[in-house]
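Engineer: Just so you know, the sequences run in chain order B and Z. With my numbering as the guide, the letters of the first sequence map in order to residues 1 to 262. With my numbering as the guide, the letters of the second sequence map in order to residues 1 to 84.
By construction, these hints were calculated from the structure, which means they are not laboratory data. These numbers come from a predicted model, not from an experiment. Heads up, the beta-carbon is just placed ideally off N, CA and C, and yes, glycines get one too. One should not assume that every hint holds.
[To be verified] Only some residues are given here: those of chain B computed to face chain Z with a beta carbon under 8 Å:
hint : residue
1    : A23
2    : L26
3    : V30
4    : P129
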Amino acid sequence: MKKRFSRRHNSLLGAYPWAGPAALSLLVLVLLVAVLRFFVPGALMAVATPLWYTGSLLTAGVGNSTSFFSNKTDLMRERDRLLAENAAFYAKSAQLEAKVEDLERLLGDRTERTDAILAGVLTRPPVSPYDVLIIDTGSQSGVREGALVHGPGGMPLGRIQSTTGNTARVLLYSTPGTETESWIGDARLAVTLVGEGSGAMSAIVAREAGILVGDMVYAMGPGAQAVGVVSAVGNDPSSPRSRVDIKPLVNPFSITWVTIAP
Amino acid sequence: MMRIGSVAVAFISLFVFPWPVSFALILVASVFMPLAGVTLGILSDLLYFVPGSAFVPYGSLFGLVCTVGSLLMQRFVKTRIMGE
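Isolated chain B, as found in the complex (with noise of 0.2 Å):
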């Protein structure tokens, strides 16, 4: 009896004759970005980092090409509303200036030069199906695995992970899991951040510790540099804690620059 074969032999590699090569030669590649990665990291990060930036570019130009198309009414709603936020925001400058003043008479100055590194972030969440940012600046310019990362305004975001000669990979602290000694409050009460995911934060007080929805959130440590905001706080009768959500000030999916602390 006459045997028939199949045209489609190999469900792996599909139909045509032409698939099974580029499909082999595709994983042959990613076997090869494998090695690079473990063996060579800099080679990697050498190859991904210009399609990084195009891909940075390209964000870019979508984002202002559709802005062309907003609202009117809401664009002059914008401006009102930022012409308010800058008359306010000049009011407590001015306040705040005339405090430093005033602190800088009675103990002096004793501002120092810091050494912060600076790097452009190259891709961030959403990008990365992680709460890693990987960034433009590596060992070649001093940064070292564990250094702190500092967003705008100086507030913690995470510590580097890897590096390599111009790049590193820096694990934020909303990282699920990853738990950050903080204060919350204007008491200061000691709490466990806990990473969420996507830059959110929770943490477990006592009912009884009156955290409140607008509560400031801040790094431990000299300072206390404010890392969030106290976005829900779980109200349940039947529990003693209470559950607290925090979303941070800076949001992670639009950080273009960081500082490295040395």
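Starting from the known structure of chain B, fit chain Z onto it as the hints suggest.
Structural biologist: Chain Z alone, transformed into the frame defined by chain B:
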């Protein structure tokens, strides 16, 4: 052409688009070329995964699921439809 195009777009999306879009494109690419799912998934983790960022490398896992799903679809579902 469709196969190469879908794989190329999924590859580029890893550097440009948000990850849900990239993963959707990987799913589409794996329908046309099953091996592309696991390959692009691994590539995604090679680019972005660092120890401590997640319990499991989601990209590789998702790619593997896409490849297996695509293979099952091609081996069983299509055969059944054609046989009916």
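Engineer: Quick check on the hint: B:P129 CB to chain Z CB, less than 8 Å?
Structural biologist: Cβ of B:P129 sits 4 Å from chain Z, so the hint holds.
Engineer: Hint B:A23 vs chain Z: min CB-CB distance below 8 Å?
Structural biologist: 4 Å, holds
Engineer: Checking hints one by one. Is B:L26 an interface residue toward chain Z, by the C-beta closer than 8 Å rule?
Structural biologist: 5 Å, holds
Engineer: Quick check on the hint: B:V30 CB to chain Z CB, less than 8 Å?
Structural biologist: Holds: closest Cβ of chain Z sits about 5 Å from B:V30, inside 8 Å.
The structure is consistent with each of the numbered hints, conforming to all of them.
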